[in-house]
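Trainee: Here is what each chain is made of, one letter per residue.
Protein chains: 2
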Amino acid sequence: MIPRIALDAMSGDHGPSIVVHAAIKVLSEMDDLHLILVGDEVVLKSVLGHHSAKVKERLSIRHAGQRVEMDESPSRALRNKKDSSMRVAINLVKEGLADACVSAGNTGALMATARYVLKTLPGIDRPAIITGLPNMQETCTHVLDLGANIDTTSEHLFQFAAMGTVLTQAVDNLPNPRIGLLNIGQEEIKGNECVKKAAKLLASSSSINYIGFVEGDDIFKGTVDVVVCDGFVGNVSLKTTEGVAKMISHYVKQSFNKNLWTRFVALISLPILKNLRHKIDPRRHNGASLLGLRGIVIKSHGSADMLSFTYAIKEAIIEVQKNVPEQISHILDTLLSEKGRVE
Amino acid sequence: MIPRIALDAMSGDHGPSIVVHAAIKVLSEMDDLHLILVGDEVVLKSVLGHHSAKVKERLSIRHAGQRVEMDESPSRALRNKKDSSMRVAINLVKEGLADACVSAGNTGALMATARYVLKTLPGIDRPAIITGLPNMQETCTHVLDLGANIDTTSEHLFQFAAMGTVLTQAVDNLPNPRIGLLNIGQEEIKGNECVKKAAKLLASSSSINYIGFVEGDDIFKGTVDVVVCDGFVGNVSLKTTEGVAKMISHYVKQSFNKNLWTRFVALISLPILKNLRHKIDPRRHNGASLLGLRGIVIKSHGSADMLSFTYAIKEAIIEVQKNVPEQISHILDTLLSEKGRVE
Numbered sequence: 048m049i050p051r052i053a054l055d056a057m058s059g060d061h062g063p064s065i066v067v068h069a070a071i072k073v074l075s076e077m078d079d080l081h082l083i084l085v086g087d088e089v090v091l092k093s094v095l096g097h098h099s100a101k102v103k104e105r106l107s108i109r110h111a112g113q114r115v116e117m118d119e120s121p122s123r124a125l126r127n128k129k130d131s132s133m134r135v136a137i138n139l140v141k142e143g144l145a146d147a148c149v150s151a152g153n154t155g156a157l158m159a160t161a162r163y164v165l166k167t168l169p170g171i172d173r174p175a176i177i178t179g180l181p182n183m184q185e186t187c188t189h190v191l192d193l194g195a196n197i198d199t200t201s202e203h204l205f206q207f208a209a210m211g212t213v214l215t216q217a218v219d220n221l222p223n224p225r226i227g228l229l230n231i232g233q234e235e236i237k238g239n240e241c242v243k244k245a246a247k248l249l250a251s252s253s254s255i256n257y258i259g260f261v262e263g264d265d266i267f268k269g270t271v272d273v274v275v276c277d278g279f280v281g282n283v284s285l286k287t288t289e290g291v292a293k294m295i296s297h298y299v300k301q302s303f304n305k306n307l308w309t310r311f312v313a314l315i316s317l318p319i320l321k322n323l324r325h326k327i328d329p330r331r332h333n334g335a336s337l338l339g340l341r342g343i344v345i346k347s348h349g350s351a352d353m354l355s356f357t358y359a360i361k362e363a364i365i366e367v368q369k370n371v372p373e374q375i376s377h378i379l380d381t382l383l384s385e386k387g388r389v390e
Numbered sequence: 048m049i050p051r052i053a054l055d056a057m058s059g060d061h062g063p064s065i066v067v068h069a070a071i072k073v074l075s076e077m078d079d080l081h082l083i084l085v086g087d088e089v090v091l092k093s094v095l096g097h098h099s100a101k102v103k104e105r106l107s108i109r110h111a112g113q114r115v116e117m118d119e120s121p122s123r124a125l126r127n128k129k130d131s132s133m134r135v136a137i138n139l140v141k142e143g144l145a146d147a148c149v150s151a152g153n154t155g156a157l158m159a160t161a162r163y164v165l166k167t168l169p170g171i172d173r174p175a176i177i178t179g180l181p182n183m184q185e186t187c188t189h190v191l192d193l194g195a196n197i198d199t200t201s202e203h204l205f206q207f208a209a210m211g212t213v214l215t216q217a218v219d220n221l222p223n224p225r226i227g228l229l230n231i232g233q234e235e236i237k238g239n240e241c242v243k244k245a246a247k248l249l250a251s252s253s254s255i256n257y258i259g260f261v262e263g264d265d266i267f268k269g270t271v272d273v274v275v276c277d278g279f280v281g282n283v284s285l286k287t288t289e290g291v292a293k294m295i296s297h298y299v300k301q302s303f304n305k306n307l308w309t310r311f312v313a314l315i316s317l318p319i320l321k322n323l324r325h326k327i328d329p330r331r332h333n334g335a336s337l338l339g340l341r342g343i344v345i346k347s348h349g350s351a352d353m354l355s356f357t358y359a360i361k362e363a364i365i366e367v368q369k370n371v372p373e374q375i376s377h378i379l380d381t382l383l384s385e386k387g388r389v390e
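One line per chain: the protein sequences are A and B, in this order. Be aware that the first sequence starts at 48, since it is given in this note's numbering, and climbs by one per residue. Be aware that the second sequence starts at 48, since it is given in this note's numbering, and climbs by one per residue.
Note that these hints are calculated values from the structure, not bench results. Be a bit skeptical, because a hint or two may be false.
Because identical chains share one entry, a pair is satisfied inside a single copy or across any pair of copies.
[What the hints assert, rightly or not] Keeping only pairs whose Cα atoms sit at most 27 Å apart, straight-line, the calculated DSS-like set for lysine-lysine is: (1) Lys237 - Lys166; (2) Lys300 - Lys101; (3) Lys305 - Lys268; (4) Lys72 - Lys326; (5) Lys268 - Lys300; (6) Lys305 - Lys321; (7) Lys237 - Lys293; (8) Lys237 - Lys101; (9) Lys103 - Lys92; (10) Lys305 - Lys293; (11) Lys321 - Lys293; (12) Lys129 - Lys92; (13) Lys101 - Lys72; (14) Lys129 - Lys237; (15) Lys300 - Lys326; (16) Lys361 - Lys141; (17) Lys129 - Lys243; (18) Lys305 - Lys326; (19) Lys166 - Lys129; (20) Lys247 - Lys361; (21) Lys72 - Lys321; (22) Lys268 - Lys101; (23) Lys141 - Lys243; (24) Lys268 - Lys361; (25) Lys369 - Lys305; (26) Lys103 - Lys361.
Generate the whole structure from the sequences, applying the supplied hints.
Mentor: If you want it as C-alpha cells, here you go:
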C-alpha cells in the first residue's frame with residue numbers, strides 16, 4: 048500500500064511556498080508515496096510550475112476555496128470555514144481518500160476540526176498532542192499533552208500514557224518505552240491529587256512501563272522516553288524550551304559577532320557550531336501528532352521552513368506505515384480488560 | 048542599621064565548606080554587614096580556621112546540633128528537627144536577632160518551617176517562591192510561584208502578582224514592573240478558569256501594571272518583568288529551563304572536545320565562550336525569595352558553589368535594605384482598599 052498524505056498547503060506562516068517545495072523534496076527522496084496538495088488550485092499550480100512534470104503521477108491537487116487564519120477561533124473555523132484547506136484535508140482522511148493529513152495551521156482549529164470530523168477512538172475521552180524533543184543521549188523524548196487539554200483527570204493522564212507508549216513503539220522502534228509522569232519532585236508524596244492518582248493507575252498496569260515521577264529537566268536527560276502531563280503544563284514546558292534555546296542562540300550570535308576577531312573565530316568554529324546546531328535542531332523534531340483520533344493528523348510548527356515541513360510529512364508516513372490509530376485501539380482494549388480484572 | 052544575616056551553614060549539597068567561604072568573601076567585599084553562621088560549632092570553627100581573625104567582629108557562630116536532610120519530609124523536619132541549623136536560623140529572624148536568613152536546604156522543609164515560625168503577612172493566604180531568570184535584554188525576569196503552592200486560586204495568583212511587583216521594585220529598582228500571567232496563548236479566550244479569573248482581577252487593579260497573558264518563551268524575551276503562575280507550572284518551567292541549558296552546555300562541550308583541532312578552536316574561542324557563559328550564568332541568579340512571610344528567607348540552590356551562594360547572601364542584604372516584607376504589607380493594604388471600592 049502506497050501512503051497517501053493530504054497536505055494543508057495554505058497553512059503556516061509561509062503557506063504554499065513552503066508546503067509545495069517540501070512536498071517535491073519528499074517525493075524526490077521516496078518512491079512509494081502519493082501527496083495531495085489541498086488549497087487554492089490556481090496558486091498551487093503556479094507555485095508548482097515546471098516541477099509538476101517530474102512529480103505529476105505522485106502529486107495531485109485538491110481545490111479548497113478558504114483558509115483558516117492563524118488567529119481564528121476554533122469554533123469560528125469549524126462553523127464558517129467548511130471549504131478551508133484544513134477542513135478539506137481532514138475530510139479526505141475521513142473519506143478514506145488520504146491516509147493522513149499534515150497542517151501547519153492554527154493548532155486549536157486543527158484539533159477542533161479533526162475531532163469533529165474524525166471523532167475519537169473508542170476508550171479515548173480526549174485527544175492529545177505529542178511531539179519529540181532532543182535529549183542528551185542523542186535520542187528523542189516524547190512529551191504529551193502539549194495543549195489540547197487544560198483540565199485533565201488522572202484517567203486522561205493514564206490514556207495519554209497508553210497513547211505515548213504506542214507512538215514511541217511505532218516511531219522510535221522502542222519495544223518497551225519508559226513512561227514518566229511529570230511532577231514537581233520525584234518522591235511519592237509530591238504533587239497534586241490528579242498526578243498522585245494517575246501514578247497509582249499507571250503503576251498497576253502491566254502493559255505500560257511506568258518508571259515513576261519525573262521533573263522538567265528529565266525531559267532532556269534521555270532517561271525517560273515519554274513524559275506525560277496535562278496540556279497546560281506541557282505547553283508551558285514546550286514554550287519554555289523554545290524560549291531558552293532562542294535566548295542562548297541569540298547570545299551565541301551576539302558573542303561571536305562582537306568584533307573582527309570574534310567573527311574570525313566564528314568562521315573557524317563554523318563546522319563545530321553546525322554540528323552542535325544539528326544535534327539540537329528543532330526542525331528535525333517538527334511534526335506533532337494529534338493522538339486518539341480515528342485518523343492520522345500531524346501538526347507542523349506554524350513557522351516551519353521547507354526542511355522542517357519535510358520532517359512533518361515523514362512523521363505522517365511513519366504513522367501510516369505503522370498504523371498508529373489501530374495500535375492505540377489495540378492497547379486500549381488490553382488496558383480496559385486489565386482494568387476489568389482489577390476492579 | 049547594619050544588616051544581620053543568619054546563614055544555615057549545614058545546608059546544601061556541600062554544607063559548611065561552601066557557606067563559610069561564601070560568608071568570608073561577602074564580608075571582604077562589604078563593610079557594614081554582620082553574618083551569623085548557624086550549625087555545628089566545632090565543624091564551623093574548623094572550617095573557619097585562620098580566617099576567623101580577619102572577620103571576627105562581623106561574623107558570629109550560633110550552635111545548632113541537628114541538620115535537615117535534603118530528602119527529609121517537611122512534616123518530619125518540622126516535628127523532629129527543632130535544633131536543626133535551618134530551624135535555628137529562622138528562629139533568629141523571628142526573635143529579631145537576625146534580619147534575614149539564607150539556606151541551601153530542602154525547599155519543602157524550609158518553606159514549612161519558615162511559615163510555621165514566622166507566619167504569613169496579613170492578607171497573604173500562601174507564601175510563594177520567586178527567582179530571577181536571565182533574558183535576552185540582559186536584565187532578569189522574575190517568576191513566581193516556583194513550587195510552594197500546587198493548587199492555587201485566582202485570588203492567590205493575584206497576591207503573587209502583588210508580591211512580585213514589590214520584589215522587583217525593591218531588587219531591580221523598577222518603578223512600575225510589567226506583570227504577565229503565564230498561559231498557553233495570548234488570546235483572552237485561552238486558558239483555564241483560574242487563569243481567566245485572575246486576569247480579570249489583575250486588569251481591574253490600578254496598583255499592578257498588568258500587561259496580559261504571556262507564554263513560556265516570553266520569560267526569556269525581556270518583555271515582561273514578573274511572570275505569575277501556580278507552583279506546579281512554575282516549578283516545571285524552572286526545571287525545564289535548567290534541563291535545556293544543561294543539555295546545550297553538554298553538547299557544546301562535546302562538540303569542542305571532539306578532536307585535537309576542535310580543542311584548539313575551543314582554546315581560542317575561550318574568551319567568547321566565557322563571555323557567553325557570563326550572560327546566562329545561573330549562578331548570578333541564585334537566591335530565590337520566600338515571599339509573603341513576616342520575615343526575609345532566601346533559598347539558595349542546593350548544589351550552589353561558593354560564588355553562587357554569595358549571590359544568595361547579597362539578595363538577602365538587598366531585601367533587608369529595602370524592607371521587602373513591609374513593602375508587601377503596604378501594597379496589600381492598598382489593594383484591599385481598592386477591592387473594597389470595587390465590591
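Trainee: Could you figure out if lysine 305 and lysine 326 sit no more than 27 Å apart (CA to CA) within one copy, between two copies, both or neither?
Mentor: Close inside one copy (25 Å) and across copies (14 Å); limit 27 Å.
Trainee: Taking 27 Å as the upper bound on the Cα-Cα distance, should lysine 141 and lysine 243 be classified as within, between, both, or neither?
Mentor: neither (37 Å within a copy, 35 Å between copies)
Trainee: Is it within a copy, between copies, both, or neither that the alpha carbon of lysine 237 lies no farther than 27 Å from that of lysine 166?
Mentor: between (36 Å within a copy, 23 Å between copies)
Trainee: Pop the pair lysine 166 and lysine 129 into one bin, within, between, both or neither, using alpha-carbon distances up to 27 Å.
Mentor: So lysine 166 and lysine 129 pass the 27 Å test inside one copy only (17 Å; across, 58 Å).
Trainee: How would you label the pair lysine 300, lysine 101 (within, between, both, or neither) given a Cα cut-off of 27 Å?
Mentor: For lysine 300 and lysine 101, the Cα distance exceeds 27 Å both inside one copy (40 Å) and across copies (45 Å).
Trainee: Should lysine 129 paired with lysine 243 be assigned to within, between, both, or neither, using CA atoms and 27 Å as the limit?
Mentor: Intra 42 Å, inter 30 Å, cutoff 27 Å: neither.
Trainee: Between lysine 72 and lysine 321, at a C-alpha cutoff of 27 Å, which is it: within one copy, between copies, both, or neither?
Mentor: Classified as within: same-chain Cα gap 22 Å, cross-chain 41 Å, threshold 27 Å.
Trainee: Checking lysine 237 and lysine 101: alpha-carbon separation at most 27 Å within a copy, between copies, both or neither?
Mentor: This pair counts as neither: shortest intra-copy Cα distance 59 Å, inter-copy 45 Å.
Trainee: When Cα atoms must be at most 27 Å apart, do lysine 103 and lysine 361 count as within-copy, between-copy, both, or neither?
Mentor: within (20 Å within a copy, 69 Å between copies)
Trainee: At most 27 Å between CA atoms: does that hold for lysine 361 and lysine 141 within a copy, between copies, both, or neither?
Mentor: The answer is within: 20 Å in one copy meets 27 Å, while 62 Å across copies does not.
Trainee: First find the shortest C-alpha distance between lysine 305 and lysine 293 inside one copy, then the shortest across copies, and answer within, between, both or neither for a cut-off of 27 Å.
Mentor: both (18 Å within a copy, 25 Å between copies)
Trainee: For lysine 268 and lysine 101, with the copy left unspecified, which applies at a CA distance of at most 27 Å: within, between, both, or neither?
Mentor: For lysine 268 and lysine 101, the Cα distance exceeds 27 Å both inside one copy (44 Å) and across copies (45 Å).
The structure fails to meet hints 2, 8, 17, 20, 22, 23 and 25 from the earlier list, while all remaining hints are met.
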